[in-house]
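**Q** Listed here are the chains, written in short residue letters.
2 protein chains.
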Amino acid sequence: MVLDAWVAAIKRTDDLFHSLTDEQLLQEVAPGRNRGVYLLGHLAAVHDRMLPLLGFGNLLYPELSSIFLDSPDKAADEIPSTSHLRSCWNEVNATLWDHMRTLTSAEWFQQHNAVKEEDFAKEPHRNRLNIILNRTNHLTTHLGQLIFLKPRETNKES
Amino acid sequence: MVLDAWVAAIKRTDDLFHSLTDEQLLQEVAPGRNRGVYLLGHLAAVHDRMLPLLGFGNLLYPELSSIFLDSPDKAADEIPSTSHLRSCWNEVNATLWDHMRTLTSAEWFQQHNAVKEEDFAKEPHRNRLNIILNRTNHLTTHLGQLIFLKPRETNKES
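Each protein sequence line maps, in turn, to chains P and E.
One point on numbering: in numbering that gives the first Met the number 0, the residue at position 57 of the first sequence is 56, and numbering is uninterrupted.
One point on numbering: in numbering that gives the first Met the number 0, the residue at position 33 of the second sequence is 32, and numbering is uninterrupted.
Bound-form chain P, shown alone (with noise of 0.2 Å):
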């Protein structure tokens, strides 16, 4: 169930992703706020450190951390072109689902990796397929900004 909600969350927001173009992602998602390249890319630097977290392999692209995840929108001099970051996000969601598929309950429900042995004794809770909720909480906080890029007309869920 955590697995499929994840699911439903990426897809939702692959769906937005595709239905903006380029120039609707270079709109803030309202006034001040965050731009929608600056979200993509932040959530594409968010699910790639989920790789070393679960312990399915290095990030894919290291380079993100520092632009979407240690500074704010517009902090940077120049960030990566709309489609790199597109790439990204498709690519790192795919890597984790390829790994997040083939994992046996038992290993869910193991500690992931920022958690040491002696903590997760008393805090089983913190485990991988707590990572993958939250992950999904933070995703669809996200996902609700985003839809602020669609239209008004066209869009049931602002």
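One or more of the hints may lead you astray.
Stated by the list, open to error - Heads up, simulated DMTMM-like pairs for lysine to aspartate or glutamate below, C-alpha to C-alpha not over 20 Å straight-line:
no. : chain 1 : residue 1 : chain 2 : residue 2
1   : P       : Lys10     : P       : Asp21
2   : P       : Lys149    : E       : Asp72
3   : E       : Lys73     : E       : Asp21
4   : E       : Lys121    : P       : Asp3
5   : P       : Lys10     : P       : Asp97
6   : P       : Lys121    : P       : Glu106
7   : P       : Lys149    : E       : Glu27
8   : P       : Lys73     : P       : Glu22
9   : E       : Lys73     : E       : Glu27
10  : E       : Lys73     : E       : Glu62
11  : E       : Lys121    : E       : Glu106
12  : P       : Lys149    : P       : Asp21
13  : E       : Lys149    : P       : Asp72
14  : P       : Lys121    : E       : Asp3
15  : E       : Lys73     : E       : Glu22
16  : E       : Lys149    : P       : Glu27
Since the hints were derived computationally from the structure, they do not count as laboratory data.
Fit chain E to the known structure of chain P by using the hints.
**A** Coordinates of chain E only, in the frame set by chain P:
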């Protein structure tokens, strides 16, 4: 973990609603979008519906449905006062939690009340716990929007 994620999302939303004045809630979250007060009523109404869906009892505020579920913002001539909606929101979530915290694991994996027995046999994920998962994602989607009612400088999540 699913309940923890629910509680965390409720807490974040509560904290946000507390920090917003009634006047701020009367603003649109973004130009031409829903007002904060509409989303407050909408979330209260959606969570109220969870009571019968989860077998916890009748709706507490059936009068919210037509305004906040069946109609878009600004369609109703008059809506309940913001202070009343704040108390609906609190009351509904408190009532839900009173029931939620007493359910056993087995009860969480029982079907919810919108599923027929024969469908549940084929679709066991249509259980109570899945309702919590889905409503948490619904909540965080709108939470991401409500955050925009806070002035930019005090806001790290926009």
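**Q** Next step is simple, just say for each hint if it's right about the structure.
**A** Now for the hints, and whether the structure bears them out:
1. P:Lys10 with P:Asp21: Judged against 20 Å, a Cα distance of about 19 Å means the pair holds.
2. P:Lys149 with E:Asp72: 18 Å, holds
3. E:Lys73 with E:Asp21: At roughly 17 Å apart (the allowed maximum being 20 Å), E:Asp21 and E:Lys73 satisfy the hint.
4. E:Lys121 with P:Asp3: Holds, because 16 Å separates the two Cα atoms, which is no more than 20 Å.
5. P:Lys10 with P:Asp97: 15 Å, holds
6. P:Lys121 with P:Glu106: 18 Å, holds
7. P:Lys149 with E:Glu27: 16 Å, holds
8. P:Lys73 with P:Glu22: Cα-Cα ~16 Å, so holds.
9. E:Lys73 with E:Glu27: 11 Å, holds
10. E:Lys73 with E:Glu62: 16 Å, holds
11. E:Lys121 with E:Glu106: With Cα atoms ~18 Å apart, E:Lys121 and E:Glu106 stay inside 20 Å; holds.
12. P:Lys149 with P:Asp21: With a Cα-Cα distance of about 12 Å, the restraint between P:Lys149 and P:Asp21 holds, given a limit of 20 Å.
13. E:Lys149 with P:Asp72: 18 Å, holds
14. P:Lys121 with E:Asp3: Measuring from Cα to Cα gives roughly 16 Å; hence the hint holds.
15. E:Lys73 with E:Glu22: 16 Å, holds
16. E:Lys149 with P:Glu27: 16 Å, holds
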